[in-house]
Amino acid sequence: MASKRYAQVNRERCVSCGACTHECPRDAIHVWKGCFALVDSDLCVGCGRCQRTCPANCIDMKEREAAV
Amino acid sequence: MNRKKHWYDYLWIWSILYFTLGFFNILFAWLGMIDFLLPMLLAIFGGNKFFCNHLCGRGQLFTVLGKTCKCSRQKPAPGWLSSKWFRYGFLIFFLTMFGNILYQTYLVYGGAASLREVVKLFWTFRVPWDWAYTAGTTADWVAQFSFGFYSLMLTSTLIGLIVMLLYRPRTWCSFCPMGSMTQLICKLKHHNQMPE
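Sequence lines, in order, name chains A and B.
Just so you know, we're using my numbering here: the first sequence kicks off at 1 and counts up by one.
Just so you know, we're using my numbering here: the second sequence kicks off at 1 and counts up by one.
Just chain A, same shape as in the assembly (with noise of 0.2 Å):
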């Protein structure tokens, strides 16, 4: 089952340094092609670690929408 929350990265704000991708427990988030960082959604398990060591403050809690 899916987790209730997932991270959201604000590329026009995320500096692609990588230190959310040393955070993530569940390899769910790395840097693309060094633009911006991307969240796999369907592996994010939204303990917020990421949010929380972004030194830009660029990623966001979402929460799910409930499946139909």
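For the record, the hints were derived by calculation from the structure and aren't laboratory data.
No false leads were mixed into what you were given.
Once the Cα atoms are required to be at most 20 Å apart in a straight line, the calculated DMTMM-like pairs of lysine to aspartate or glutamate come out as: (1) Lys189(B) <-> Glu12(A); (2) Lys67(B) <-> Glu23(A); (3) Lys4(A) <-> Asp42(A).
Computed footprint of chain B on chain A, listed as stretches where at least three residues anywhere in the stretch have a Cβ under 8 Å from a Cβ of chain B: (4) 7-16; (5) 25-37; (6) 50-62.
For glycine and all other residues, C-beta sits at the position ideal for the given N, C-alpha and C.
Got chain A sorted already, so can you dock chain B onto it with the hints?
Frame of chain A, contents of chain B only:
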């Protein structure tokens, strides 16, 4: 997380070693050019930020001190610190200061200025550093560049340590000039293939 450790996970030691070597012999400052050129080459030819993401000794040092040693308040930094105008403004300022180092080196090379054995912190405070160089060891301009470049590296690390203490461990990364420059190169390279 408990992933398999790579050799490059220990590059924070390089960051400390660099300043230690430069303390005893300023000519080691030239080795810092690796940290300038390697990220650029990886961005231009590889189209990635592998340097920032895995090889940056400075970023790792801030993680070790700020996270592992808990020397960080772990508070979110003010938004303007990672805003585009501040990042690119700081990049331009940094490049201008680097240009100034090159100019000073050129003046010493041409004989228009003499070698100054000082490290300048925060582009303002002159700290005598004459023990780290014996006059005549190399050409004066080689030593002049060393003093200038070591000053730049030390100043930026000190700024990084201050924001590490005040905010999150890798706050420096959010406005690091090398990081801004390599991200810009990557964005230009991949602008027409952005994922959904």
